[in-house]
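Add chain B to chain A, keeping to what the hints say.
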Amino acid sequence: MKRNICLFGLLIFLVVLPFFSGEFYVNLASQVFIFAVFAASINLLLGYGGLATLGHASYLGVAAYGSALIGLKLGLGHWIAAPAALVGTTLMAGAFGLIALRASGLGFLMLTLAMSQVLWGTAYRWVGLTDGDNGLRGLTRPAPFGIDLDSASAFYWFTLAVTVLSVWLMARFVRSPFGAALRGTRDQPRRMAALGHNVWLIRWITFVYAGFWGAVSGLLFVYYHKYIHPISLSLTNSAEGLLAVIAGGSGTLGGPLAGATIVMLLKNYASAYIERWNMLLGFVFVIIVVFMPEGVVPGSKRIYLKCRQRFASRA
Amino acid sequence: MSMQFWVIQTLNSLALGGLLFLLASGFSLIFGLMRIANLTHGGLFMLGAYLGVTILKVVPNLWVAALLAGLAVALFGGLLEKLILRKLSGNVLGQVLVTLGVAYIIADACLLIWGGDPVPIQTPAFLQQPLRVAGFAFPAYRLAVVVLAVLVGAILFFIMEKTRLGAMIRAGVDDMQMARAVGIPVSRLFTIVFCLGAGLAGAGGVIGGPIMSAYPGLDADMLPLALIVVILGGVGSLVGAFVGSFITGFVYTFGVALFPQLAYVILFLPMIFVIAFRPRGLFGRFAA
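Protein chains in written order, with the numbering used here: chain A, 31 to 345; chain B, 622 to 909.
One chain only, chain A, in its complex shape:
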């Protein structure tokens, strides 16, 4: 109950944010939301399925490129480009899942990484289609129901609505009986198989579902930037998403959202002051993995409880 009130308060705060804050912060918040959807979709695989993926940028990037190319090359509107990009990317996730789920553990990680690197390299080299390193310019934002999304706050509300819907649907997914089975395959795959569950199929469905939400974040990404570059398919992008999940705490619903906020703020503020974002990213990786392996949210909780306990025993 208390938790619901807190969430409701947070939602109200987020809805009214554009009325009192400047455009910079509204745009930053939009980017945090987009990244949060991306991180939450990685969390489905990593946190609930125990499948560490280093190729999730594929779905973000392919959906973004798909929507952009359908608009630019075929001249079709967003009402057809967006669903086509989502369907196409989800189908690709289905095919990639068939390949990647031939293995689990590190093999899965290597396969997802190798496949996404192939897409990244192709986006760079297939200049005729993607314009290579120049990226695709001149993209537009959609105008759902005639509402123009070009202003920062209109796009912010649109992104907020999509984010809330996405996170709610992902929460429904992991809290369903299917989600319980998924956690079962994470913790005890052999027992789950012995109980008659089809472990492979549970993982594959999750893989496709996560790919779909990755594609949704990709659409938001390309609408926000109105530009797409091969870098969005890169290992760095996948790794930043994974870092957000781990920093926030994998296998929790709030973790990826907190982690996405942390990574996005760090990226935006740090890159304003220091040039070497990649080096900082590397150090953040090492520090979080070595010192806060369970994530910043559970980690702070643990430290908080420890402090309170110590304080209580003293009193």
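Think of the hints as simulated: they come from the structure by calculation, not from any bench.
Worth double-checking, as some hints may not be accurate.
Residues of chain B placed beyond 10 Å of chain A at every Cβ, according to the derived structure [to be verified]: (1) S710; (2) T744; (3) V773; (4) I893.
Covered stretches of chain B, as calculated for chain A (at least 3 residues, CB under 8 Å) [claimed, not checked]: (5) 715-725; (6) 800-813; (7) 846-853.
Being a predicted model, the structure only gives us computed values, none of them experimental.
Backbone N, C-alpha and C fix where the C-beta goes; we use that ideal spot for every residue, glycine too.
Structure of chain B alone, referenced to chain A:
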């Protein structure tokens, strides 16, 4: 397309295959023994190439530079293993993420120190003239790279199959707990294998220098190729790394030459084929 085209491309494929073997054999052994997907490996290759550039300014001999850079990178790898990776043993995901983090640090440090422009590495003088056999011109340096890779492969094969150290490593790959139980110092083996793998990657960077030069992004270009080699050949297998390297070398080189825009998509095909029919890879001892 002329005959010379096919000859040159074949030789390019072999040279790339040789370089990939220097990179991927270490990756595969580390993966096989320690169950670590060392994502720093591309970075170590690049670090080796850049160190080679600096060493060549002092010692103008490519082979000495390769040896010294290899030793330096091996030392770096040993420190990485002892100081960080060992602390995370058992935490597979943590180890992968740390190696990824270190890869970013290396890439950015190289950019900081050596700048953003590609730095060429000179081909040794006596290998600059192409070799002329039966009317065809063969670039001599590429031939030398192939010979070197085969030599290194033979030495590694000898170490793995005929020496006590190799027998211990093989035992560790096959059943680590049993190896520990019979008194094999597995932890020391970890350090040795990690140093060896890192050193080979570093030396490979210098050897590859005259062909591909040192540039930012070299790590990101090499890492996927190494991954594909290991997926094809199977983890923990030297023969697998050897065969996988040359397959990947051929597919990539001819892909770039014939379908430049789709070279990466073509790389995909042998990988899917192997994964579909033999998920552990051609010569893998176990599924990764």
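A quick look at each hint next to the structure:
1. S710: 13 Å, holds
2. T744: 26 Å, holds
3. V773: Its Cβ never comes within 10 Å of chain A, the nearest being 24 Å, so this holds.
4. I893: At about 6 Å from chain A, I893/B fails to clear the 10 Å cut-off, so the statement is violated.
5. 715-725: Our answer is that it holds, as 9 residues pass the Cβ test (under 8 Å) against chain A, meeting three.
6. 800-813: Violated, because only 0 residues of the stretch 800-813 of chain B bring their Cβ atoms closer than 8 Å to Cβ atoms of chain A.
7. 846-853: holds (count 4)
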